[in-house]
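Enquirer: Guided by the hints, dock chain B onto chain A, whose structure is given.
Protein chains: 2
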Amino acid sequence: MAAGELRLGLIGLGTVGSSVVQLLTQNADAITRKTGRGLRLTAVASRSLHTKPHPDLGAARIGTDPFAIVRDPDVDVVIELIGGIEPARALVLEALTRGKPVVTANKALLALHGEEIFVAAEKAGVPICFEAAVAGGIPIIRTLREGLAADRNRALFGIVNGTCNYILTKMSDEGQEFETVLHAAQAQGLAEADPSFDIDGIDAAHKLTLLSMLAFGVRVPFTAVYTEGIRHVSQSDILFAREFGYAIKLLAIAKDETDGIDVRVHPTMIPLRSLLAEVSGAYNAIFVQGEALGSSLYFGRGAGGMPTAMSVLADVIELARNLVGAHGVRVPALGLFWKDLRVAPLRPIADLQSEYYLRFMAVDRPGVLAKIAGILGEHDISIAAVIQRDRSDGDVTVPLVMRTHLASERKLKAALTLVDDLPIVQGKSVSIRIEENFG
Amino acid sequence: MAAGELRLGLIGLGTVGSSVVQLLTQNADAITRKTGRGLRLTAVASRSLHTKPHPDLGAARIGTDPFAIVRDPDVDVVIELIGGIEPARALVLEALTRGKPVVTANKALLALHGEEIFVAAEKAGVPICFEAAVAGGIPIIRTLREGLAADRNRALFGIVNGTCNYILTKMSDEGQEFETVLHAAQAQGLAEADPSFDIDGIDAAHKLTLLSMLAFGVRVPFTAVYTEGIRHVSQSDILFAREFGYAIKLLAIAKDETDGIDVRVHPTMIPLRSLLAEVSGAYNAIFVQGEALGSSLYFGRGAGGMPTAMSVLADVIELARNLVGAHGVRVPALGLFWKDLRVAPLRPIADLQSEYYLRFMAVDRPGVLAKIAGILGEHDISIAAVIQRDRSDGDVTVPLVMRTHLASERKLKAALTLVDDLPIVQGKSVSIRIEENFG
Numbered sequence: 001m002a003a004g005e006l007r008l009g010l011i012g013l014g015t016v017g018s019s020v021v022q023l024l025t026q027n028a029d030a031i032t033r034k035t036g037r038g039l040r041l042t043a044v045a046s047r048s049l050h051t052k053p054h055p056d057l058g059a060a061r062i063g064t065d066p067f068a069i070v071r072d073p074d075v076d077v078v079i080e081l082i083g084g085i086e087p088a089r090a091l092v093l094e095a096l097t098r099g100k101p102v103v104t105a106n107k108a109l110l111a112l113h114g115e116e117i118f119v120a121a122e123k124a125g126v127p128i129c130f131e132a133a134v135a136g137g138i139p140i141i142r143t144l145r146e147g148l149a150a151d152r153n154r155a156l157f158g159i160v161n162g163t164c165n166y167i168l169t170k171m172s173d174e175g176q177e178f179e180t181v182l183h184a185a186q187a188q189g190l191a192e193a194d195p196s197f198d199i200d201g202i203d204a205a206h207k208l209t210l211l212s213m214l215a216f217g218v219r220v221p222f223t224a225v226y227t228e229g230i231r232h233v234s235q236s237d238i239l240f241a242r243e244f245g246y247a248i249k250l251l252a253i254a255k256d257e258t259d260g261i262d263v264r265v266h267p268t269m270i271p272l273r274s275l276l277a278e279v280s281g282a283y284n285a286i287f288v289q290g291e292a293l294g295s296s297l298y299f300g301r302g303a304g305g306m307p308t309a310m311s312v313l314a315d316v317i318e319l320a321r322n323l324v325g326a327h328g329v330r331v332p333a334l335g336l337f338w339k340d341l342r343v344a345p346l347r348p349i350a351d352l353q354s355e356y357y358l359r360f361m362a363v364d365r366p367g368v369l370a371k372i373a374g375i376l377g378e379h380d381i382s383i384a385a386v387i388q389r390d391r392s393d394g395d396v397t398v399p400l401v402m403r404t405h406l407a408s409e410r411k412l413k414a415a416l417t418l419v420d421d422l423p424i425v426q427g428k429s430v431s432i433r434i435e436e437n438f439g
Numbered sequence: 001m002a003a004g005e006l007r008l009g010l011i012g013l014g015t016v017g018s019s020v021v022q023l024l025t026q027n028a029d030a031i032t033r034k035t036g037r038g039l040r041l042t043a044v045a046s047r048s049l050h051t052k053p054h055p056d057l058g059a060a061r062i063g064t065d066p067f068a069i070v071r072d073p074d075v076d077v078v079i080e081l082i083g084g085i086e087p088a089r090a091l092v093l094e095a096l097t098r099g100k101p102v103v104t105a106n107k108a109l110l111a112l113h114g115e116e117i118f119v120a121a122e123k124a125g126v127p128i129c130f131e132a133a134v135a136g137g138i139p140i141i142r143t144l145r146e147g148l149a150a151d152r153n154r155a156l157f158g159i160v161n162g163t164c165n166y167i168l169t170k171m172s173d174e175g176q177e178f179e180t181v182l183h184a185a186q187a188q189g190l191a192e193a194d195p196s197f198d199i200d201g202i203d204a205a206h207k208l209t210l211l212s213m214l215a216f217g218v219r220v221p222f223t224a225v226y227t228e229g230i231r232h233v234s235q236s237d238i239l240f241a242r243e244f245g246y247a248i249k250l251l252a253i254a255k256d257e258t259d260g261i262d263v264r265v266h267p268t269m270i271p272l273r274s275l276l277a278e279v280s281g282a283y284n285a286i287f288v289q290g291e292a293l294g295s296s297l298y299f300g301r302g303a304g305g306m307p308t309a310m311s312v313l314a315d316v317i318e319l320a321r322n323l324v325g326a327h328g329v330r331v332p333a334l335g336l337f338w339k340d341l342r343v344a345p346l347r348p349i350a351d352l353q354s355e356y357y358l359r360f361m362a363v364d365r366p367g368v369l370a371k372i373a374g375i376l377g378e379h380d381i382s383i384a385a386v387i388q389r390d391r392s393d394g395d396v397t398v399p400l401v402m403r404t405h406l407a408s409e410r411k412l413k414a415a416l417t418l419v420d421d422l423p424i425v426q427g428k429s430v431s432i433r434i435e436e437n438f439g
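Quick mapping for you: the protein sequence lines, in order, are chains A and B.
FYI, in this note's numbering the residues of the first sequence are 1 to 439.
FYI, in this note's numbering the residues of the second sequence are 1 to 439.
If we strip away everything but chain A, and leave its shape as in the complex, we get (with noise of 0.2 Å):
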């Protein structure tokens, strides 16, 4: 082994493969900083060597047999995103046993043969990652197990299938049934051409027993999970529950009670101005309930190459930190030794370019909307919608308020002190900057 470079084997090149490698690429500098030593591709195994060679690829040796990385002796933890359970299981246990570190995005194998695989593991002293089994992007795993683990948490709500939510939202927010909005996600590539995995709740279920291991510290087998999928939900219960209230979506529920074990995904209404009934789309999300932190959420992409590519990475750069454990500091106070904290140049409040609203209490009599517009249009500031109140008796001056668009903070600030200053405005201009994007 190069000194304190660690070599990675991929086995698979699909969608999340292929990510992987672009944000090896992309990212090296900083992981390299994060990390304390560089992160190598040395072997890529893949079925289909036909399809174009990966730019990103390097001088990383590939081929089509995947225990060929697992027995490689220039790779050093293997990382498997082919899925499925065979050859996957043979694959995982061999590079246990061999001492290799696993990084895996298999949820179905972890589900399905997770005490054969954890304990191997365990057996082996050698540490197996799986953050981009559940959720994609959204770093649950890491929380439950760490960020939470000081907690004794309660029940657990997830929307974890993103292909059922996708489903969900479109019949909710377009009026049309199952079977149309099913056939217009696969046209467009956002189910499966067999979309039971999905839609039948499999998916969810194996997520889910992963999820309730870990929230409870208890052993949950995935034949205990009873699983129900949406395929009989139908555009008349989205309408019923409004009317009560509430919205319908595929859960996946966990509760530990002081009778049992509660494991179960099915089609669920949730109250209509919860944040769970917010989730839109293909995003995830998990709902924790724990004893000392009472809720807690987690959102965000639960699929897709480069949402699940990242989590990967994320188990990558963990188990090189955690072979740095120089001084005793598996990672650094705020993830990079400060040294490494780059110095960029952080722009002063005038320099931002900004949406606003502004508010002025001014004089209701002809030419003041064009007095005011008059010097923010001198400024450079246009205006993109205007709210103008009828006077109510008594009062000598009304709300005058603006949106407007992008517009420079200083401008802005000159502006509002002109505007200040005219005997038609009362008082002291108000404004307040606006933020758009927000997923």
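Simulated from the structure, these hints should not be mistaken for laboratory data.
Just so you know, these numbers come straight off a predicted model, no measurement behind them.
From the three backbone atoms N, C-alpha and C, an ideal C-beta is built for every residue, glycine too.
Treat the hints with caution; some may be incorrect.
[Claimed, not checked] Derived CB-CB ranges, DEER-like:
(1) Gln176(B) <-> Lys371(A): 39 to 45 Å
(2) Thr223(A) <-> Ala28(B): 41 to 47 Å
(3) Lys428(B) <-> Asp259(A): 26 to 32 Å
(4) Arg154(A) <-> Lys428(B): 42 to 48 Å
(5) Gln176(B) <-> Ala384(A): 25 to 31 Å
Expert: Same frame as chain A, now just chain B:
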């Protein structure tokens, strides 16, 4: 040191400190299983020893001198929960110099003296942990440092001050002015007697200093954070904002853009239908945008004794796990070794108690509702609400929709079998479980 045991010294026995003691006692067994070693509180320093002794303090030595904790040879890890700059700064620096890991919730100290403290920790090769310093129980520090470590974060938007969010939520929900809500919050102990630290945005700016360094790997001096509080937000602006489709929140914003870094705290208008706008009351949330992951959001209690204590102990658990390190596995895959997972009864779905939505397609004839309600009643299923639609022309059946109170799944299934056999009912009844308990 007793074999394997980690000995804790606690400085500060206020709300958070007392909760740490309580939680450590409550969850002692679970924590031992998770870390492979016991955690023992050996020494406590508290300014006010005249208060009632804590029932969970056990055999811990108690005194008033915080420096005695740092210098105590029976203390392996120092937990600093007194807040403020001095003597906290001197205590943390001395602990690190003595090679003792520090766990702290002190955002002001780290925001103002971060360089000195983080560099001292690196020089000593000793970890400093501060999950509890930002957003209470939300594990946002680990998320940025580890969960999202492989991504390049582009922007972060946080609701990180519960007092401000509570006041703005109240102003929005109840139509009252800032001063009225503030005084009511002070009377209820939800805002400090001197509230300026919170409502002028200083606390949020402390947290943003830390968050932006973690998110972007960049040095951010506290003085570079533009800070504007919520004193000038008026009821009329909240109403006008709503007309434009916005809510007003105090946001901590950090953006990493090509020409520099923006770090600012100010009242901000955000789309009413965004997840952040739904974060109400004393809750906190952090929204992160990454190149690979896209949008993600982390929501939970941002203050309070127990949520903050939970994060303090998550850090202590991490330190204990780092010290174990047997076989290169820092944390077992499921947080516990397989043998330590509980074997709990997994309840079959028939044992479920739930509220249900029911839909029957029934002949529109007098007595139908009575007949169905009768069968449900015989099975101890009581009806909370009914929707019955008028028959549209040409239909012979109409939907009869009900929401039940809590009922047994087993009894419900038995009742539905009988209902489905009624000649007045067409097709199979639909039942969907209801879950109500979300934050």
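Enquirer: List in ascending order the numbers of the hints, as given earlier, that are violated by the structure.
Expert: 1, 2, 4
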